[in-house]
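**Student:** Residue numbers (numbering that gives the first Met the number 0), protein chains in the order written: chain A, 0 to 545; chain B, 0 to 321; chain C, 0 to 278.
I should point out that these hints are in silico values taken from the structure, not numbers from a laboratory.
Only a predicted model underlies this, so the values are computations on that prediction, with no experimental measurement involved.
Ideal Cβ positions, reconstructed from N, Cα and C, are used throughout, including at glycine.
There could be a bad hint or two in this list.
Residues on chain C that point at chain B, a partial pick, calculated with CB under 7 angstroms [said to hold, decoys possible]:
| # | residue |
| --- | --- |
| 1 | L111 |
| 2 | N115 |
| 3 | I121 |
| 4 | L148 |
| 5 | F185 |
| 6 | L202 |
| 7 | G218 |
| 8 | G242 |
| 9 | A254 |
| 10 | I258 |
Here are the simulated distance ranges between beta carbons [what the hints assert, rightly or not]:
| # | chain 1 | residue 1 | chain 2 | residue 2 | range |
| --- | --- | --- | --- | --- | --- |
| 11 | A | K397 | C | F32 | 52 to 62 angstroms |
| 12 | A | G457 | B | R318 | 45 to 55 angstroms |
| 13 | C | P224 | B | A67 | 36 to 46 angstroms |
One letter stands for each residue in the lines below.
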Amino acid sequence: MSDVHFLEVQGLEISAYINMPGEATKTLILVDNISFTLKRGEVLGLIGESGAGKSTIGLAAMAYGRAGCKITGGTMKIDGVDLFKLSSREINKVRGTRVAYVAQSAAASFNPAHKIGDQVIEVAIEHKLMSKAEALDYAGELYAKLGLPDPENFGNRYPHQVSGGQLQRAMTVMALCAKPDLIVFDEPTTALDVTTQIEVLATIKHAIKDSGVAALYITHDLAVVAQVADHIMVLRHGKMVEYNSTDKIINHASQKYTQDLVSIRAMQKQEQAVPDSPAILQVNNIAAAYDGVTKILKDVTLHLHAGQTLSIVGESGSGKSTLARVITGLLPPMQGEVLFNGKPLSSALKNRSKEQLRDLQMIYQMADVAMNPRHTIGQIIGRPIEFYFGISGAENRKMTIELLEQIELGEEYFDRYPAELSGGQKQRVCIARALAAKPSLIICDEVTSALDPLVADGILQLLMSLQEKHAIAYLFITHDLATVKAISDSIAVMYQGSLVRFGQKSMVLAPPFDDYTDMLLSSVPHMELGWLEKTLANRKMQSADN
Amino acid sequence: MAANNHSLLNLITKRLALGLLLLLMISVIIFAGTELLPGDVAQSILGQSATPEALHNLRLEMGLDKPAIERYSHWLSNILQGDLGTSLSSGKDISSMISGRLGNTLFLATTAAVIAVPLAIFLGLIAVLYRDGIVDKLISITTISMISLPEFFIGYLLILFFAVNLNWLPSSSIIYSSMGILEKLQAIALPCLTLTLVVLAHMMRMTRAAILNVMSSPYIETAQLKGLSSFKIIFHHALPNAISPIITVVVLNLAYLVVGVVVVEIIFVYPGMGQLLVDHVSIRDIPVVQAVGLIFAAIYILLNMFADVMSIIANPRLRHPK
Amino acid sequence: MNINFLQSLASHLSWGARIGLFCLITFALAAIFAPFVAPFDPHQIVGDVWAPITSQFWLGTDQLGRDILSRLIHGARNTFFIAGAATLISFSMGTFLGFLAAVTGGKMDQLLSRANDLMMAIPTLIFALVVLSVLPANMIVLIVVMGVLDSTRVFRLSRAVAIDIVVMDYVESARLRGEGTLWIIFREILPNALSPLFAEFGLRFAFAVLFLSTLSFLGLGIQPPDADWGSMVKENKDGIVFGIPAALIPAAAIAILTISINLVVDSILSRTSSLKGGR
Chain A
0 MSDVHFLEVQ
10 GLEISAYINM
20 PGEATKTLIL
30 VDNISFTLKR
40 GEVLGLIGES
50 GAGKSTIGLA
60 AMAYGRAGCK
70 ITGGTMKIDG
80 VDLFKLSSRE
90 INKVRGTRVA
100 YVAQSAAASF
110 NPAHKIGDQV
120 IEVAIEHKLM
130 SKAEALDYAG
140 ELYAKLGLPD
150 PENFGNRYPH
160 QVSGGQLQRA
170 MTVMALCAKP
180 DLIVFDEPTT
190 ALDVTTQIEV
200 LATIKHAIKD
210 SGVAALYITH
220 DLAVVAQVAD
230 HIMVLRHGKM
240 VEYNSTDKII
250 NHASQKYTQD
260 LVSIRAMQKQ
270 EQAVPDSPAI
280 LQVNNIAAAY
290 DGVTKILKDV
300 TLHLHAGQTL
310 SIVGESGSGK
320 STLARVITGL
330 LPPMQGEVLF
340 NGKPLSSALK
350 NRSKEQLRDL
360 QMIYQMADVA
370 MNPRHTIGQI
380 IGRPIEFYFG
390 ISGAENRKMT
400 IELLEQIELG
410 EEYFDRYPAE
420 LSGGQKQRVC
430 IARALAAKPS
440 LIICDEVTSA
450 LDPLVADGIL
460 QLLMSLQEKH
470 AIAYLFITHD
480 LATVKAISDS
490 IAVMYQGSLV
500 RFGQKSMVLA
510 PPFDDYTDML
520 LSSVPHMELG
530 WLEKTLANRK
540 MQSADN
Chain B
0 MAANNHSLLN
10 LITKRLALGL
20 LLLLMISVII
30 FAGTELLPGD
40 VAQSILGQSA
50 TPEALHNLRL
60 EMGLDKPAIE
70 RYSHWLSNIL
80 QGDLGTSLSS
90 GKDISSMISG
100 RLGNTLFLAT
110 TAAVIAVPLA
120 IFLGLIAVLY
130 RDGIVDKLIS
140 ITTISMISLP
150 EFFIGYLLIL
160 FFAVNLNWLP
170 SSSIIYSSMG
180 ILEKLQAIAL
190 PCLTLTLVVL
200 AHMMRMTRAA
210 ILNVMSSPYI
220 ETAQLKGLSS
230 FKIIFHHALP
240 NAISPIITVV
250 VLNLAYLVVG
260 VVVVEIIFVY
270 PGMGQLLVDH
280 VSIRDIPVVQ
290 AVGLIFAAIY
300 ILLNMFADVM
310 SIIANPRLRH
320 PK
Chain C
0 MNINFLQSLA
10 SHLSWGARIG
20 LFCLITFALA
30 AIFAPFVAPF
40 DPHQIVGDVW
50 APITSQFWLG
60 TDQLGRDILS
70 RLIHGARNTF
80 FIAGAATLIS
90 FSMGTFLGFL
100 AAVTGGKMDQ
110 LLSRANDLMM
120 AIPTLIFALV
130 VLSVLPANMI
140 VLIVVMGVLD
150 STRVFRLSRA
160 VAIDIVVMDY
170 VESARLRGEG
180 TLWIIFREIL
190 PNALSPLFAE
200 FGLRFAFAVL
210 FLSTLSFLGL
220 GIQPPDADWG
230 SMVKENKDGI
240 VFGIPAALIP
250 AAAIAILTIS
260 INLVVDSILS
270 RTSSLKGGR
């Protein structure tokens, strides 16, 4: 039975209709001629950048199109029955029972008004597959199998009462509970911290193997999908780029695009030596809280030299963004001081001099909301030049265009609005705006996290070439260790508001490690087959040794 | 669990205390609004042509020579004891003037609310269930017109049609205490219908928006991907989360009801608080205006308080804290 | 850019909105040129009491025998002027204080917001009746009372709109650059708040028309011998029970005016919200 391709997808085409009042309806093809097959117990990874159409394909496996999307061609056969030919009543019988779905954000996908347990068994009960007692028993079994705490009572809790990692596992239980043939996993670990991701990834892989279910695993992270998939399909702009076994994709990719995706994490900056000069930024014993009581930062001390890059790395809740707010003056600290160019910075923004403000610039994670949508690119970049240096008119325009050329955009962007630019271009404009002030230090807050890997790579390269040219120091805040390796001279590792490790890159990334840094470093997926098993086995050995 | 209930109770107590504080502040504003605004109450009652002697006497009689704080605390303590003072124009006890009329107004407003609230929620659900269909569009066009209509236009149109042309119902709604409940209901049929129409459109439009907002949540997509029926999705998954916003919508519209009832009472010559208020505003009988205004404001604030508490209880995150 | 925006707006108005716009312009022109378009003197008795609609009296005559059409045209002046002036007051007060509360935050925001909550805790009509019972009955008092009471709604909306914008990174970026409060209000926030506020202006004006009419209907707005549409309803209401629809004519005029505004605003709102994604 397991040799049979129970799922056959042929020539799948999905279109979006864009309706603007007063205009003709525009049709946009989101997914173009996609075909694949799947055996029971097999996992197919769908990988691509945002807009590649991978989630749309996943939802099509349930004959579901989000608002505005319509399946316009092809077949989706499960055991020979084409889902697209079924009536809506018949499709409802398939959804949840034969094909189930695990969403990216379990926190948003559980109904806050009902208990987790009731939602987990809902499919089995509603479709009359089990009695309530049977369903509850089976769910309890699954909670235990997926390593959820207190499996007998876990179902009695409400979604907001458990952690994100637990909720993501509970969502997998919900999908498994009705014993479906196929589960669609849509970026199930993307919203999680890297140390949580590895555990959830392991449980998902185990659950798939254990139940013999087939799976479509959708993600933008090739290293993650390499751990769970038997086959991988690489997608771009709704079209198939390459479709092969996982081994072939990772080790012998035939397409340029796939090769780029595989080698993405290879970039490494040559570490600069520690200069004799005093640090440009010196943070001394900073503690801070938003409410004046709960300390988000505890006694943090670190420094950064002119023209170098310091990466602050940590997971959500580590306090790394709070540290940036303290340095910029948005959050006055409870204790400690910040020295900039050897002089203390006032803790409040309004007491800082214009010269100090100019010399310390910031770039944000979401370039979309970091630029006023009603200002043109020329106004956005030109404003700091006018504000700090009093230069306006033709001279201002000339300098702005020079900056546009430095970020590899041309004069033709001068009169455009942010909404007309792509994500990567927007982030480049934000870089130019910071550069316009001629600063000696730029704080970069997760500047590449919202971008697709290849675009992010381009931004990092731009930042590094600008650093060489203008000798700017970067304080780089990120959760992504690959980025850290790529750009840093020195690294600070933060955990729950404290600094756990700080020093030159070569020192921080070399053993002996403290426990947290060890776990953090070892949790980052590698672009190799079998990495997950190897890492988990290592950890088991280590804990056995202790 | 005990601790959980405790924190919920705390939250509710806080809300109630806040409501009472608000009520106190409102009494200050109403007092200040009538006593401390430019001119002098005695002057405005007697008019520009009054003799200084008459003015002086009236001021003494009203206690206007005493400081404002003293007059306020005197006024408030009397109200708390149920003494609303005496009318300037008729010299009657205000409490006795109000007692019957308050009941009448509450009767009319409650009947309208009992009809309008469930109907609005039901129609809102229908509009969501068939959204972007003909029913939805029809409801949407009707409501946008209804929102724009003044109460008296609806009221007189109904009178012209049902009372004058068809002669089915009385044009003026005179009721007295000896009437039976059915007779009373027949008498208030037209004002009640007017009020319902006035409130219905707003409430329905906002209910529809509140439910649609919930319907765009990812957990509704989860429910759809579980293969549940639309009925089950709306009633089991959307509605429990829409209760809080719907309560807010209902309460927001009670403001229209309070304002509407004043106008409707004038249109149908209905013996309620609204008519009393309007009559005494035009003859500047300030104690009566103060008392009636305060009662209207108090009812409105109490309803708001009640709704606040209800939506706290309806929120699962507050009911089952971490 | 603003001209382009308005042009694209006009070309995409729905049919309902175009009819609404036509009615609005007709009413406005009639009000402006009242002495030239009105067939009769609005205060002069020209016919029988409650004369029916004839070729001489297009909309009949009122309870004293004056021409309803002429009174309607002249009354439009009062209605438009008072409602418009009250809306301007409520808007300038409401948006300025609302933006100020959102931008400064902290104690200033608390103070303004709590005071606003307090004002809103009393239904507007009740509040207005209480205040009008004390103040002298004239047009200025009426405009100011209507404007101040309505500014609470504008305050709430503009504060909410501004708060959504204030948390944006581009505003934080301007603060970090060292820009002043006025730059942030007028250059960063205002351009992004214009379309919701523009729509709200229409809705507030419609509400002001209804509110003024209601006050006049209750006998507390425009005082005779002046007239607006609301007081014309009041004057003619006794005819209704005899089946004389004279009171319904000014009432219908009010209804057409407010429906027209709502249709136009509704169309603009749906247009701008669909613009959100692209530019």
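**Student:** If a hint holds in the structure, say so; if it doesn't, say that too.
**Tutor:** Quick rundown of the hints versus the structure:
1. L111: violated (15 angstroms)
2. N115: It is violated, given that the least Cβ distance between N115 of chain C and chain B is near 12 angstroms, above 7 angstroms.
3. I121: holds (5 angstroms)
4. L148: violated (11 angstroms)
5. F185: violated (31 angstroms)
6. L202: violated (10 angstroms)
7. G218: Since the shortest Cβ distance to chain B is 6 angstroms, the answer is holds.
8. G242: holds (5 angstroms)
9. A254: holds (5 angstroms)
10. I258: For I258 of chain C, the interface hint holds, since the closest Cβ of chain B sits about 4 angstroms away, which is under 7 angstroms.
11. A:K397 x C:F32: 52 to 62 angstroms: holds (54 angstroms)
12. A:G457 x B:R318: 45 to 55 angstroms: holds (49 angstroms)
13. C:P224 x B:A67: 36 to 46 angstroms: 38 angstroms Cβ-Cβ, so the 36 to 46 angstroms window holds.
Hints 1, 2, 4, 5 and 6, counting from the list given before, are not met by this structure.
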